[in-house]
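Combine the two chains into a complex, taking the hints into account.
The lines below spell out each chain.
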Amino acid sequence: MSSDKKEHQLVLNRRTFLKAAGLGIAGVAVGKFPFESFTLDEAMAAAAKAGETAIPTICAMCGPAANCGVYAFTKNGRFTKVAGMKESPVNAGGICPKGQAAPQWVYSPERLKYPLKRVGKKGEGKFQQITWNEAIAIIADTLKRQKEKYGPESLGMLSPARRTYSEYLNRFLIAHGSPNYGHSGICAMQLSFGFHYTVGDWPRAVDYANSDLVLIWGKQPIYSAPAQDGARAYINAKARGAKLIAIKPSMEPDVGLADLWVPIRPGTDAALALAMLHVVVNENLIDKPFVEQWCYGYDQLKEHVQKYPPAWAEKITGIPLNRIVEIARLFATTKRAGIDLGNGVEHVPSSNDAIRAVAILIAITGHLDRPGGNIFGAASKMPRPKSVNMQERYTQAWVDKLVFPEFPKAFQPFAEGTSSAYYGLFNSVLTEKPYPIRAIIAPGSQALVSNRGGKRVVEALKKLDFYVVADVARTADMPYADIVIPLATPYEIDHPFEVRGNWIMARNKVIEPLADYKSIFEFFCDLGVKMGYGADFWGGSMTASMNDQLKPLGMTIDELRKQPTGIKYEMIPKKYETYETVFNRKSPRISKAPFLPQGKVAIYNTSFKEAGYTPLPEWREPPESITGTPELTKKYPLILSDYHTSNVYTASWQRNVPYLREIEPYPALHIHPDTASERGIKNGDWIRVESPHGWMKVKAELYPGIRPDTVMMLHGWWQGCKELGFEDFPLLDGGANVNIMYSVDAQKAFDPVVTAMSSQTLVQVSKA
Amino acid sequence: MSTQYGFSFSKDKCTQCFGCEVACKNWRDGELGVRWRRVYKIWAGRYPDVKLASASVSCMHCTDPVCVKACPVQAIQKREDGIVVGDSNKCIGCKACEKECPFGAPQFGATGKMQKCDMCMNEVDLAKESPPCVETCPTKALQLAKLETKEKQVIEREIQKLIDATLRTG
Numbered sequence: 001m002s003s004d005k006k007e008h009q010l011v012l013n014r015r016t017f018l019k020a021a022g023l024g025i026a027g028v029a030v031g032k033f034p035f036e037s038f039t040l041d042e043a044m045a046a047a048a049k050a051g052e053t054a055i056p057t058i059c060a061m062c063g064p065a066a067n068c069g070v071y072a073f074t075k076n077g078r079f080t081k082v083a084g085m086k087e088s089p090v091n092a093g094g095i096c097p098k099g100q101a102a103p104q105w106v107y108s109p110e111r112l113k114y115p116l117k118r119v120g121k122k123g124e125g126k127f128q129q130i131t132w133n134e135a136i137a138i139i140a141d142t143l144k145r146q147k148e149k150y151g152p153e154s155l156g157m158l159s160p161a162r163r164t165y166s167e168y169l170n171r172f173l174i175a176h177g178s179p180n181y182g183h184s185g186i187c188a189m190q191l192s193f194g195f196h197y198t199v200g201d202w203p204r205a206v207d208y209a210n211s212d213l214v215l216i217w218g219k220q221p222i223y224s225a226p227a228q229d230g231a232r233a234y235i236n237a238k239a240r241g242a243k244l245i246a247i248k249p250s251m252e253p254d255v256g257l258a259d260l261w262v263p264i265r266p267g268t269d270a271a272l273a274l275a276m277l278h279v280v281v282n283e284n285l286i287d288k289p290f291v292e293q294w295c296y297g298y299d300q301l302k303e304h305v306q307k308y309p310p311a312w313a314e315k316i317t318g319i320p321l322n323r324i325v326e327i328a329r330l331f332a333t334t335k336r337a338g339i340d341l342g343n344g345v346e347h348v349p350s351s352n353d354a355i356r357a358v359a360i361l362i363a364i365t366g367h368l369d370r371p372g373g374n375i376f377g378a379a380s381k382m383p384r385p386k387s388v389n390m391q392e393r394y395t396q397a398w399v400d401k402l403v404f405p406e407f408p409k410a411f412q413p414f415a416e417g418t419s420s421a422y423y424g425l426f427n428s429v430l431t432e433k434p435y436p437i438r439a440i441i442a443p444g445s446q447a448l449v450s451n452r453g454g455k456r457v458v459e460a461l462k463k464l465d466f467y468v469v470a471d472v473a474r475t476a477d478m479p480y481a482d483i484v485i486p487l488a489t490p491y492e493i494d495h496p497f498e499v500r501g502n503w504i505m506a507r508n509k510v511i512e513p514l515a516d517y518k519s520i521f522e523f524f525c526d527l528g529v530k531m532g533y534g535a536d537f538w539g540g541s542m543t544a545s546m547n548d549q550l551k552p553l554g555m556t557i558d559e560l561r562k563q564p565t566g567i568k569y570e571m572i573p574k575k576y577e578t579y580e581t582v583f584n585r586k587s588p589r590i591s592k593a594p595f596l597p598q599g600k601v602a603i604y605n606t607s608f609k610e611a612g613y614t615p616l617p618e619w620r621e622p623p624e625s626i627t628g629t630p631e632l633t634k635k636y637p638l639i640l641s642d643y644h645t646s647n648v649y650t651a652s653w654q655r656n657v658p659y660l661r662e663i664e665p666y667p668a669l670h671i672h673p674d675t676a677s678e679r680g681i682k683n684g685d686w687i688r689v690e691s692p693h694g695w696m697k698v699k700a701e702l703y704p705g706i707r708p709d710t711v712m713m714l715h716g717w718w719q720g721c722k723e724l725g726f727e728d729f730p731l732l733d734g735g736a737n738v739n740i741m742y743s744v745d746a747q748k749a750f751d752p753v754v755t756a757m758s759s760q761t762l763v764q765v766s767k768a
Numbered sequence: 001m002s003t004q005y006g007f008s009f010s011k012d013k014c015t016q017c018f019g020c021e022v023a024c025k026n027w028r029d030g031e032l033g034v035r036w037r038r039v040y041k042i043w044a045g046r047y048p049d050v051k052l053a054s055a056s057v058s059c060m061h062c063t064d065p066v067c068v069k070a071c072p073v074q075a076i077q078k079r080e081d082g083i084v085v086g087d088s089n090k091c092i093g094c095k096a097c098e099k100e101c102p103f104g105a106p107q108f109g110a111t112g113k114m115q116k117c118d119m120c121m122n123e124v125d126l127a128k129e130s131p132p133c134v135e136t137c138p139t140k141a142l143q144l145a146k147l148e149t150k151e152k153q154v155i156e157r158e159i160q161k162l163i164d165a166t167l168r169t170g
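First to last, the sequence lines map onto chains A and B. Per the numbering used here, the very first residue in the first sequence carries number 1; after that it's consecutive. Per the numbering used here, the very first residue in the second sequence carries number 1; after that it's consecutive.
Keep in mind that the hints were calculated from the coordinates and are not lab data. It is possible that some hints are incorrect.
Incomplete in silico selection of chain A near chain B, CB under 8 angstroms [as the list claims (entries may be wrong)]:
| no. | residue |
| --- | --- |
| 1 | Phe-38 |
| 2 | Leu-40 |
| 3 | Cys-96 |
| 4 | Gln-100 |
| 5 | Ile-222 |
| 6 | Lys-238 |
| 7 | Pro-253 |
| 8 | Asp-254 |
| 9 | Pro-263 |
| 10 | Pro-408 |
| 11 | Asn-647 |
| 12 | Thr-650 |
| 13 | Ile-663 |
| 14 | Gly-705 |
| 15 | Leu-724 |
Quick list of in silico lysine-lysine cross-link-like pairs, DSSO-like style, CA-CA up to 30 angstroms [what the hints assert, rightly or not]:
| no. | chain 1 | residue 1 | chain 2 | residue 2 |
| --- | --- | --- | --- | --- |
| 16 | B | Lys-41 | A | Lys-49 |
| 17 | A | Lys-767 | B | Lys-41 |
| 18 | A | Lys-144 | A | Lys-386 |
Listed next, with one range per pair, are the computed distances between beta-carbon atoms [said to hold, decoys possible]:
| no. | chain 1 | residue 1 | chain 2 | residue 2 | range |
| --- | --- | --- | --- | --- | --- |
| 19 | B | Cys-94 | A | Thr-131 | 56 to 66 angstroms |
| 20 | A | Pro-289 | B | Thr-3 | 52 to 62 angstroms |
| 21 | A | Ser-380 | B | Pro-102 | 49 to 59 angstroms |
| 22 | A | Phe-726 | B | Met-121 | 47 to 57 angstroms |
| 23 | A | Phe-726 | B | Asn-122 | 47 to 57 angstroms |
| 24 | B | Asp-12 | A | Lys-113 | 45 to 55 angstroms |
| 25 | B | Thr-149 | A | Lys-113 | 52 to 62 angstroms |
Since the model is a prediction, treat every value here as computed from it, not as a measurement. Yeah, the Cβ is synthetic: ideal placement off N, Cα and C, and Gly gets one too.
The following block holds chain B by itself, in its conformation from the complex (with noise of 0.2 angstroms):
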C-alpha cells in the first residue's frame, strides 16, 4: 500500500509551548506577520466545567488538497510522496487557495506569492530526518510519519475539529 509524508498530533502532550512554530520561522527565516505553522488555543464547555486543548497546524499536505483544485493556475501541486508544493513563479497571488483551505495554510506575505510549509523538504533529508518544528517539539505531541491514506485522513478530521471549535470560541 502507497504511503506519504504527513504531521501527526497528539493534543494530550501539547504544552502549548509554541515551540514549533518558532522553530519553523526561525530555520526558515520566516517573515513577519507570516505564520507556516500556527499553534491554537481551543475553549470548550462553560465555567467551571470548562476544557482547554491545543492544536498546532501547518500545511496538512492533504489526501485530497483543495488548494490544488482551487489554483486557476496549476501553481500548487501535489507530490507523489505526498508533499504539497506551491510554484511561486507561477503564482498570481489571487488568494483562491487561502479561501478554500480550511486550515489556514496558505499565507501571504511582502510579495503577494502564495506560501506555505513544505515540510522543509530541501533542507531536510527526510527518509530519515525530522523538520525542525518536529525536532523541537519538547513532549513530541508533534511528530513526522509515513501514513496510510486512510491514517492521514483521520488526521486531517480530527485536526479540522479542533479548528472549528477554536473559530467558534473565536
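Just chain A, with the same shape it has in the complex (with noise of 0.2 angstroms):
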C-alpha cells in the first residue's frame, strides 16, 4: 500500500508542475491518415511518379548493428532521398536524420576515392595514390613478414562500434594466429559481462509493455536509435502511463518526458546502487522467497552494504539522501518496474561494480525475467545463421597470448570472442609489455578521437611499425597510416544479409560504387586470400560467405533476395521465469564452466574471487572527482563527462554532413546558467575548458537542466565541414576533444576487471 501512495505523490507532482509551468499542451492528433509511411507498394509508386527507382535496403548511419529498413530512391543512377520502411518490425517507417541524409554521406567531398600509401613523415599526411591489389599485397607482405618474425599475436585490430562487419575482423585475426583484437571498454560489452557472470545472461530489456515503473539510468534511449522499437517501447509506456524515472546528470529529452529526474554526479552510479541495496536490505524490501532459492551469498551481502548508507552516498553521488530513499523504495515495492541500464556505467572505474550492484538489485527485489521486469531476451523461429567467427579454434594457449587482456584470462573469450583493451594495444606499442603490437589495422575506428588520451596515442602511432586505416571518409588518424584503404558505403553494396530479431534481410546495391573501391568484407576476403588464409574466406567470395551463414535457414542469399523487404519469423511467446536454464548456462570461457558455479544469482560471486577480484561490488572513485580528490576542487571545481552520441551525430562521424552539421553546428559545452553567470559567460561565447590533462576551446550552451557542479559535452568533435565552411579543429589542446581531458594512468582510470574507461574529470571554464 505504502508503495502506490509513494507512486501517487510522484504524479502528483508532475502534473502539478506542469501546470505552473504552463506547458500543459496536449496535442490534438485527430483525421489520421490512412498512408502514414511507405510499404513497397506505395515506394514504387512515389517513385514512379517522381522519375525515380525506389530500392529497400537497410540503413547504414548508426550503430551498433544497422537495421532500420529503408527505400532509398535514385534518379539517373544517383542517391537521392531516403524513406523508411513500413514492413520493416524494427522501425515500423520511421526514420531518423542521419537515416535521412544518407545521400549526404555518401556524396560528401571527404570521402576516400583511392588507395594510399605513406610517403612523407608520419603524421605529415603526405600520401601517394596506388591501387587495390598493390594496397592489398603491401600489408599482406608486411603482415606476413611480422608473424614471421614477431609472432601473429603482434597484430592488432581496433573494434569499431559492433558491426556486420566485426565478425570478420575477428575471422581474419583468428585465421592469421592472434587474439589480439581491440575491443573499447565503453560500450554494451562491460554490461553484458557483469550480467552474465551475476545472473547468467543480459536482461538487457525491460518489459516496457507491462511495466509499471522503469528507471532509465546512465541510459539515452532515443539517440542512438530514435527510430527504433526502444524509443517507441519508451514513448508508449508513458502513454500507458508507467512512470518513468531517469537517473542521469543532464536533461535530454527522454528525461523531459519522464516523470521524474535524479540529477547524479557523473561517474557515481556504482555508489547509488550500492545505498539503494543499503536500504532494500535493511528494510528488508526484498522478494524473500527468490533470494531463498536463486541466490547464492545474500548473508554476506546484508552484511557488506552496511558500509554504504545512503549518507554516505549523497555526498559522492550529489542525490539527495531522502530521493535515494525513495526511489529505493519505489523501485522494490512496485512489482512490475525494470532498470534500464545504459552505456553511462561502462564509461567509469566502477564500471563492474556498478553493474553487478544493479543486476543483485534487480534480481533480490524480485525484478529478474518477471512481467514488467528485466526479462531475459525472446526468440524466434529463426534458425541463427552461421557464425562468421571461428570461436571454435580458440585454446588456452591462445588466451594466454592476449596483449592486454579486456577481460581477465580466467573469463576469456567472452561473448564476441578474445579481446585485449582497445587502449591496451596503444599502450603495448609504447610499454613494449609484454609485448609490443607491430601493426594495427582500424576498419572504421578512429583512436584518436574515439579513444581517452589522445595524446598517447599519437605517440604510440608515431611508434608503431604498420597502420592501416580502412573507412569510407577520411579520419582523424589517417595522417599517421602507411596505408590507408577506401572502402564502399553499404549503399553501393549487395552484402551481407542483416539480422535483426525476428527479422532477416538482404541488403541490396543502391548505387554503383563512386569510385574503384570495395566493402570492408570485400577487404578481409581479398586481404585473407592474399595471406594464404584463402579457405577460411570462401576463396574470396561474399556470395558464397552469406549462402555458408544462411545454411541453417535453408536458403540461400538469391533466394532471400526475392523476397523485397526480408522475412519475419514467428516469435516464439516469452515465458517469464526461466530461471533453471539460464542460472545454468555455460560461459564461452575455454572451460566452457556455467557463469553462475552455484546455479543461482551470483551475489557472493566466487568466479571473481577465485580469479583475484572483489566477490562483493565496491566503490572505487572516478581518478579526478570532488569526493575523490577534494585538493583539486580549487584549481577545477567543475565535472567534465561526456555524451557518446547525439541525435543528429552517432559517435565521432558525420560532422562532414551539411544537414546534420547545419542543427549541431559547433561543439558545445553544457552548462547551467549559474555556472556560467559566476564565470562571465553567455550563450555562444567561445570557451576555455581545463582538466589536469588537457584544454578545449569550445561554445558554451547554456543548458538549466544540467547539474550545477558538472558541464559535459559530445565526444567526437574534430572533423569539418566543407559545404558549410567549417573547417577540423585541432585534434589534441586547443580543440574540441574530449577525450585528451580525462586521465588514463593505468591505476586509476580504469576498471580492474572490465577495463571500461573512466569519462570523468574534473575541470575549470573561462571565457576564450
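Listed below in C-alpha cells is the structure:
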C-alpha cells in the first residue's frame, strides 16, 4: 500500500509542476491519414511518379548494428533520398535525421576514393595513390613478415562500434593467429559481462509493455536509435501511464518526457546502487522466496552493504539522501518495475561493480525475468545463421597470448571472442610490455578521437611499425597511416544480409560504387586470400560467405533477396521466470564452465574471488572527482563528462554531413546558467575548458537541465564540413576533442576487471 | 462544416530527433541555411525542477494568416483547402511576412524571395498521403490532419505558447 501512495505523489508533483510551468499542452491528433509511411508498393508508386527508382535496403547511419529498413530513392543512378520501410519490424516506417541525410554522407567531398601509401613522415599526411591490389599486397607482405619475426599476436585490430563486419575482423585475426581484437571498454560488453557473471544472461530488455515503473539509468533510449523499437517502447510506456525515472547528470529529451529526473554526478552510479542495496536490505524490501531459492551469498551482502548508507552516497553522488531512499523503496515495492541500464556505467573505473550492484538489486527485489521487469530476451523461430567467427579454434594457449586482456584471462573468450582492451594495444606499443603490437588495422575506427588519452595515442601511432586505416571517409588518424584503404558505403554494395530479432533481409545495392573501391567485407576476403587464408575466406567470395552463413535457414542469398522486404519469423511466446535454464548456462570460456557456479544469482561471486577480484561490489572513485580528489577542486571546481552520441551525430562521425551539421554546428559545452554567469559566460561564447590533462576551446550552451557542478559535451569532435565552411578542429590541446581531457593512469582510470575507461575529470571553465 | 489541412503535434511523443526537419530538407532539396521546418528545445522551471519539451514547427498554414495581410504585393494566398502558398514571381523580398509571422515560417535564401513549407502539395497526394516530415516521424508525434477551424486554432495557440517559451529561455 505504501508504495502505491508514493507512486501517486510522484505523478501529482509532475502534474502540478506542468500546470505551473504553463506547458500543459496536449497534442490534438485528429483525422489520422490512412498512409503514414511507405510500403513497398507505395514506395514504388512514389518513385514512378517522380521518375525515380525505389530500392529496399537497410540504413547504415548509426550503430551498433544497422537495422532500420529503408527505401532508397535514385534518379539517373544518383542516390537522392530515403524513406522508412513500413514492413520493417525495427522502425515500422519511421526514420531519423541521420538516416534521412544518408545521400549527403555518401556524396561527401570527404569520401576516400583511392588506396593511399604514405610517402611523407608519420602525421604529415603525404600520400601516394596506389591500386587496390597494390595496397592488399603491401599489407599482406608486411603482416607475413611480422608474423614470422614477431609472431601472429603482434597484429592488433581496432574494434569499431559493433557492426555486421565485426565478426570478419575476428575471423581474420583467428585465421592469422592473433587474439588481439582491440575492444573499447565503453559500450555494451561491460554490461553484458557484469550481468552474465551475476545473473547468467544480460536481461537488457525492460518489459516496457507491462511495466509500471522504469528507471532509465545512465542511458539515452532515444538518441542512438530514435526510429527503433526502444524509443517507441519508451513513448508507449509513457502513454500507458508507466512512471519513468531518469537517473543521469543532464536532461536530454528522454528525461524531459520522464516523471522524475534524478541528477547524479557523473561516474558515481556504483555508489548510488550500493546505497539502494543498503535500503532494500535493511528495510527488508526483498523478494524473500526468490532470494532463498535462487540467490547465493545474500547474508554476505547484508553485512557488506552496511558500509554504504544513503548518507554516504549523498556526499558522493550529489543526490539528496531522501531521494535515494525514495527511489530504492519505490523500485523495490513496485511489482512491475525494471531498470534500463545504459552505457553511462561503462565509462567509469567502478563499471563492473556498478553493473553487478544493479543486477543484484534487480534480482533480490524480484524483478528478474518477471512481467514488467528486466527480462531475458524473447526468441523467434528463425534458425540462427552460421557465425562468421571461428570461436571453436580458441585454446588456452591462445588466450594466454593476449597483450592486454579486456576481461581477465580466466574469463576469456567472452561473447564476441578473445579481446584486448582497445587502449591496451596502444599501451603495448609504448611500453613494449608484455610485448609490442607491431601492426594495427583500424576499420571504421578513429582512435585519436574516440579513445581516451589522444596524446598517448599520437605517441603510439608515431612509434607503431605499421598502421592501416580502412574507412569510407577521411579519419582523424589518417595522417599516421602507412596504408589507407577506401571503402564502399553500405549503399554501394549488395552484402551482407542483416538480421535483427525475428527479421532477416538482404542488403541491396542502391548505386554503383563512386570509385574503384570495395567493401570492408571484400577487403578482408581479399586480404585473407592474399595471406594464404583463402579456405577460411570462402575463396574471396562474399556470395559464398553469405550462402554458407544461411545454410541453417535452408536458403541461399539469391532466394533471400527475392523477398524484397526480407522475412519475418514468428516469435516464440515469451516465458517468464526461466531461471532453471538461464542460471545453468555455460560460459564461452575455454573451460565452458557455467556463468554461475552455484546455479544461482552470484551475489557473492566466487568466480571473481577465485580470479583475485572482489566477490562483492565495491565503490571506486573516478581518477579525479569532488569527493575523491578534493584537493583539486580549488583549481578545477567542475566535473566534466561527455555524451557518447547525439540526435544528429553517431559517435565521432557525420560532422561532415551538412544537413546534420546545420542542426548542431559547434561543439557545445552544456553548462548551467548559474555556473556560466558566475564566470561571465553567455550563451554561444567561446570558452576554455581546462582539466589536469589538457584543454579545449568550445562554445558554451547555457543548459538549464544540468547539474550546476557538472559540465558535459558530445565526444568525437574534430571534423570540419566543407560545404558549410567549417574547418577541422585541432586534435589535441586547444581543439574540441573531449577524450584528451581524461586521465589514462593505469592504476586509477580503468576498471580493474573489465578495463572500462573513465570519462570523468575535474575542470575549470573560463571565457576564451 | 468546412475543414482544412493542418499539422498536429504531440509534444508527449516527440523525442526531439530532428527526423522531420532533415526529411523536409532532403525531400525538397533544401538550401543550406534555410529551415522550412524546425525543432525547438523548450526549457521551463529551475534546477532541479526543470522541464524540457520539444516542438516541431513549420508554416502552420494558419486559419487567419497574418503573412497574407502583411504582404504588400499579395504574393501569399490561403487556398480553400487551408494551405498557405507563396508566389515567388510576385514576391519582392521585402520580408514583411517574416516580421509578422509568429512561427518563423517565412525563410529567405540565395534568391532573396520568400520560401516556406507548402505541405508538399505538389509532391504528394494529400488526399491519401502525408508529406515526408510526417512519414518519417518515428513516434507519430507529427501528423497531418483535416481539421475544423476551431481545432486548428487551438493547435496554433499551443504551438505559439511553446515557441514563446523558447524565446524566453533563449
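Comparing the hints with the structure gives:
With its C-beta approaching chain B no nearer than about 7 angstroms, Phe-38/A sits inside the 8 angstroms limit, and its interface hint holds. A hinted interface residue such as Leu-40/A counts as satisfied when its beta carbon comes closer than 8 angstroms to some beta carbon of chain B; here the least separation is about 15 angstroms, so the hint is violated. Taken as an interface hint, Cys-96/A checks out: its beta carbon lies about 5 angstroms from the nearest beta carbon of chain B, inside 8 angstroms. This hint holds: Gln-100/A has a C-beta 4 angstroms from the nearest C-beta of chain B, less than the 8 angstroms allowed.
Of the supplied interface hints, the one on Ile-222/A holds, with its beta-carbon coming within about 4 angstroms of a beta-carbon of chain B, less than 8 angstroms. A cut of 8 angstroms between beta carbons decides the hint on Lys-238/A: the least distance to chain B is about 7 angstroms, and the hint holds. Taken as an interface hint, Pro-253/A checks out: its beta carbon lies about 4 angstroms from the nearest beta carbon of chain B, inside 8 angstroms. Taken as an interface hint, Asp-254/A checks out: its beta carbon lies about 7 angstroms from the nearest beta carbon of chain B, inside 8 angstroms.
Satisfaction of the interface hint for Pro-263/A is found here, the shortest Cβ-Cβ separation to chain B being roughly 6 angstroms, below the 8 angstroms cut-off. Hint on Pro-408/A is violated. Least Cβ distance to chain B is approximately 39 angstroms, over the 8 angstroms limit. About 5 angstroms separates the beta-carbon of Asn-647/A from the nearest beta-carbon of chain B, less than 8 angstroms, and the hint is met. Taken as an interface hint, Thr-650/A does not check out: its beta carbon lies about 13 angstroms from the nearest beta carbon of chain B, beyond 8 angstroms.
A least Cβ separation of about 6 angstroms between Ile-663/A and chain B falls short of the 8 angstroms threshold, and the interface hint therefore holds. At its closest, the beta carbon of Gly-705/A sits 5 angstroms from a beta carbon of chain B; the interface hint therefore holds under the 8 angstroms criterion. Checking Leu-724/A against chain B: minimum C-beta separation of about 6 angstroms stays under 8 angstroms; hint holds. For a cut-off of 30 angstroms, the pair hint linking Lys-41/B to Lys-49/A is broken: about 36 angstroms separates their Cα positions.
With a C-alpha separation of about 25 angstroms, the suggested pair Lys-767/A and Lys-41/B falls inside the 30 angstroms cut-off, and the hint holds. Note on Lys-144/A and Lys-386/A: the hinted pairing holds, with a Cα-Cα distance of about 29 angstroms set against a maximum of 30 angstroms. For Cys-94/B paired with Thr-131/A, a C-beta distance near 58 angstroms keeps the hint of 56 to 66 angstroms intact. A C-beta distance of roughly 59 angstroms is found between Pro-289/A and Thr-3/B, which places it inside the suggested range of 52 to 62 angstroms.
Look at Ser-380/A against Pro-102/B: about 50 angstroms separates their beta carbons, and that is inside 49 to 59 angstroms. Against the hinted window of 47 to 57 angstroms, the Cβ-Cβ separation of Phe-726/A and Met-121/B comes to about 35 angstroms, which falls outside the hint. For the hinted restraint 47 to 57 angstroms between Phe-726/A and Asn-122/B, the CB-CB distance of approximately 34 angstroms leaves it violated. For the pair Asp-12/B and Lys-113/A, the beta carbons lie near 46 angstroms from each other, so the given range of 45 to 55 angstroms is met.
Restraint check, Thr-149/B to Lys-113/A: a C-beta distance of roughly 56 angstroms satisfies the suggested window 52 to 62 angstroms.
The structure does not agree with the numbered hints 2, 10, 12, 16, 22, 23 stated previously, though it agrees with the rest.
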